[in-house]
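Chains as they are written, first to last, in the numbering used here: chain A, 1 to 646; chain B, 647 to 774; chain C, 775 to 947.
None of these hints come from the bench; they were simulated from the model.
Among the hints, erroneous ones may be present.
[Said to hold, decoys possible] From the structure, some residues in chain B lie toward chain A, with a derived Cβ separation under 8 Å: (1) Glu-670; (2) Gly-738; (3) Phe-740; (4) Pro-745; (5) Thr-751; (6) Lys-772.
[Stated by the list, open to error] Straight-line Cα separation of at most 20 Å, EDC-like style, residue types lysine to aspartate or glutamate; simulated pairs: (7) C:Lys-872 x B:Glu-670; (8) C:Lys-897 x B:Glu-673; (9) B:Lys-685 x B:Asp-718; (10) C:Lys-899 x B:Glu-728; (11) A:Lys-269 x A:Asp-418; (12) A:Lys-518 x B:Asp-677; (13) A:Lys-515 x B:Glu-670; (14) B:Lys-771 x A:Asp-417; (15) A:Lys-518 x B:Glu-670; (16) B:Lys-689 x A:Glu-516; (17) C:Lys-899 x B:Asp-726; (18) A:Lys-383 x C:Glu-801; (19) B:Lys-772 x A:Glu-270; (20) A:Lys-486 x A:Glu-468; (21) C:Lys-924 x B:Asp-739; (22) A:Lys-529 x B:Glu-681; (23) C:Lys-899 x B:Glu-670; (24) C:Lys-924 x C:Glu-801; (25) C:Lys-897 x B:Glu-719.
Here a beta-carbon is modelled for each residue, glycine too, at the ideal position from N, C-alpha and C.
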Amino acid sequence: MMVVEFGYIFLVLTIVFSFFQFCQPILQNFIKNKTGEFIRIDKCANIVFFSTFLSFICLTYAFVVSDFSLEITVKNSNSELPLIYKMTGVWGNHEGSILLWLLVMTLFGFIFSRHKLKNIDLKNIILSIQGCLCFLIGLFVIVTSNPFERIFPPKIEGSDLNPLLQDPGLAIHPPFLYLGYVGFSIVYSMAVGLLIKKKCSKDFIALMKPWIFMSWIFLTIGIGLGSWWAYYELGWGGFWFWDPVENASLLPWLTATALLHSILVVEKKETLITWTILLSIITFSLSLLGTFLVRSGVLVSVHAFANDPGRGLFILLLLLSIFGFGIFIFLKNYKNFLDNKNIEILSKEGAISLNNIFMVTISATILLGTIYPLISDAFFNKKISVGAPFFNAVIIPFVGPLILGMILGPFLKWGRDDILKVFNRLKPLIIFLFIITLIYWYFENQGPVVSIVSFTLAIWLIVSSLFEIFYNSLLRFKNKQKEFWKLPSKIFAQATAHIGVALVIIGATGGSVLKEEKIQFQKLGEFIKVHGYEIEFNNMENKLIDNYRSDYATFKVYKNDEFIKNLYPEKRYYNTGKQVTTEAAIHSTFFGDIYIAIGERNESFSDFQSWTTRIWFNPFIIWIWAGVFFMASGGIISLLKSYRKV
Amino acid sequence: MKNKIATIAFVVIFIINYETKAIEPDEILQDQILENRAKNISKELRCLVCQNEDINNSNADIAKDLRLLIRDELLNGKTDQEIINFIHSRYGDFILYKPPIRFYTIFLWVFPFIFFFSFLILFFKKKK
Amino acid sequence: MRFFFALFFLICTVYALIIGLSKNPREVPSTLINQKIPNFESISIPSKKSFDALSLTADEVKIVNFFASWCPPCKIEHPQLMRLNHIDGVKIYGILKKDTHSSLEKFLKNLGNPYNAIVDDPKGKTGISWGVYGLPETFIIDKRGTIRYKHIGPIMERELPKIKIIINKLHEE
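Generate the whole structure from the sequences, applying the supplied hints.
Right, here's the structure in full:
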């Protein structure tokens, strides 16, 4: 099919023009006397984006029409697949997902080229760097991961998209993640551009801020979606497994959070610029490192793509070049951005710095833990595993002080603050927190200590965030400012985001430590009691749907003898392969989820049906997704404000 | 490469074999406290043939065998640490999700704290 | 100065990553190499000769093979076991993991019986004692009852020479 050929040609075009994009300022420098230009750099960025986009469309077309002359469609698609999964299956594999990466990278280059920057030189350098990144990734695609690779002879039918991926979650989780990861490519380019130019302006910082915020928001949502998808799709009710791929997404998120806070300090106090630049380089490098870890086969992961050491080596070299160049330029030129300002611990910038240190420490720890098996093997010839017990043990001690910092930080002044003044400012809050804590501890004196401490901290964080809004409104009221409730949006942004963090903590604690589990052989008609609910195994039927056969169960949920709803957990047997998936059924409430999954039929009984059923009550779990939503919203409020400025 | 195929074939029977499943009702102990201990021990042990799962949730044969062993030993009055030590002695460090503290893992365990305090000093050091 | 420290750490990390590319992250080394054979329960199978830990200290080279009839790679390696059985001074002992006796009979009838003796491991406990996590797994034991080599997965035809060399070496000790 000709479309496939065009897809390949467009990809080549992308590589060629991104190379021009990269070279343009360099050539411009050598041909200083020429009045004309070799080729306009923003035209390059346009061409690069559009050709990548067209290449991607061609690949999607091949999937949609089920063109099985391509290796990628044969391995990852099937003509019986519902249309949406034909389309999203494009990125449900290595080659397609890297092409999506590239697409997003060129898209952001295109958007950036449309900025009206006063300093044209700087803008061109940034576009050049971005062009180089696109060139390198494009090269990677065409050399090691060509999605347009043909298969001879063409097959009549494809294998199938992995049933676990045949889910709406697949449609949105990777795109959001990549928008996040790749957004930081622009931030990297901006930071390196700054280093090359050796100076920075306020306007430029104002431009960096929305890019950082936008990428952070996408990454936050992407990770949240991944966790949510794992929760309902895998049938275990777990939302975080410290799997290498999950860790890979968390690493840049943590440094991005530090970066996001730093840029606020830069904006306000014109300090921490070197730190911000360094974080920009590190965050994008971590995005690339994540890509390397999950596609190279060095680590065992439930998420791993088909592994290929050849690809792994290429990505590793890419990563080293990009990170290496960034660090090289940083070490060469960072002194131009140093300021001699001291940072007082008891100040807002001190609190933010402390937050940064926490974020970076946690990120470094997770990174070390994730790759440590490789280090132990290479240097000591010892094979070890590093899993959830390790990560929980080392990270939880940091979370407590981090939350305390988040509680105190917003109330500190910029510059040096006085501890007595702080205390006076916070007297009403401290009293209020004390009372609330006593009330909470009075009613909730059972349960593990971990959950009580965790909930207490989260409550403090929520209350103090709300108090901040109240306190600032009160100040404005006292100063006789009209419309005293119209606070600067950054206060709402921050309070919302921090409340989001508290919600995530509550949800994560409830959903892990306070989980209630009932696993049994359940007969049809039998009731099982969980957390005040009575759950009846009502019916089991055989259904043929789309491309699978389903053991389709009906459970009736009652509370206090009142019928709540029906739930339909399934076991799906896909027609194409021997794959079986467990589809859980979930009833979500404010206080927790009822989560039901079915196992196998109990063969020892023939005169009635008895099945293995697993029923969980997961307290507060939806607060995790709500928390992610709040965090993203906080970011969006801030983003909209900066966008209006730019 | 050919070794890889053999290894994959050897492993694949566990991925496709759905005769045994993740923890089944007949494995669960009556005693709630012992059962909780069994679950907590299981969460620290890696399923050696799976793609990064603990033995509590895994469908593999070895996971089920280990789950049963753990419960048997708990009923025999062994402590959690004794059971983990026994399994550790048979399968090595790889089966433990929490790396044991040895000379080759000490760096991993102390790193977070060293890193944190180094950074703290770096940031808040007074400049002239 | 702290940059040199960071650089050193970076180089170590990169080295580890590159080495990692060539290794198999799923290989689990055995802790029982150069250890005495572990204690295990000898559950005999009707009409088959049984063995115990003591048998494995006899003055000859022994091969202990964990297998089952439902395991496809076990069928693949079976011819190699038949050939190993023909070496003088080598005895092969089988441990049947999670299988039925009737399937065992069919399996041995169809593919041959290289086993000097076989015991049963219906619950997988013996497997755990030996650190076995999949099938087939084969151990080579020297004349003093020490485990000297573990082979994970089926013994393929091209690996037979290597196994023979190990057996010969242990023979000469």
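**Report entry** 20 Å Cα cutoff - pair C:Lys-924, B:Asp-739
**Finding:** holds (17 Å)
Query - Given hint C:Glu-801 paired with A:Lys-383 - CA-CA distance at most 20 Å - result: holds (8 Å)
**Report entry** Straight-line alpha-carbon gap C:Lys-897 to B:Glu-673, limit 20 Å
**Finding:** holds (13 Å)
**Report entry** Cut-off 8 Å, beta-carbon criterion: hint that B:Thr-751 touches chain A
**Finding:** holds (7 Å)
Query - Pairwise hint evaluation, A:Glu-516 against B:Lys-689, where the allowed Cα distance is 20 Å at most - result: Answer holds: B:Lys-689 to A:Glu-516 is near 16 Å, not above 20 Å.
Requested in this report: Below or equal to 20 Å on CA atoms is what counts here, so check A:Lys-486 against A:Glu-468.
Outcome: Given pair A:Lys-486, A:Glu-468 holds - Cα atoms ~13 Å apart, limit 20 Å.
Query raised in the report: Given the hinted pair A:Lys-515 and B:Glu-670, is their alpha-carbon gap at most 20 Å?
Result: holds (18 Å)
Query raised in the report: Taking the closest Cβ pair, is B:Gly-738 under 8 Å from chain A?
Result: Cβ of B:Gly-738 sits 7 Å from chain A, so the hint holds.
Query raised in the report: For the pair supplied as a hint, A:Lys-518 and B:Glu-670, is the alpha-carbon distance within the 20 Å limit?
Result: Holds, at about 11 Å.
Report task. Take the C-alpha atoms of C:Lys-872 and B:Glu-670, compute the straight-line distance between them, and say whether it is at most 20 Å. Result -> Holds - the C-alpha atoms of B:Glu-670 and C:Lys-872 are around 17 Å apart, at most 20 Å.
Query raised in the report: Are C:Lys-924 and C:Glu-801 close enough, with their CA atoms no more than 20 Å apart?
Result: Distance of about 12 Å is within 20 Å: holds.
**Report entry** Restraint outcome when B:Lys-772 is required to lie within 8 Å of chain A by C-beta distance
**Finding:** holds (6 Å)
Every hint, counting from the list given before, is met by this structure.
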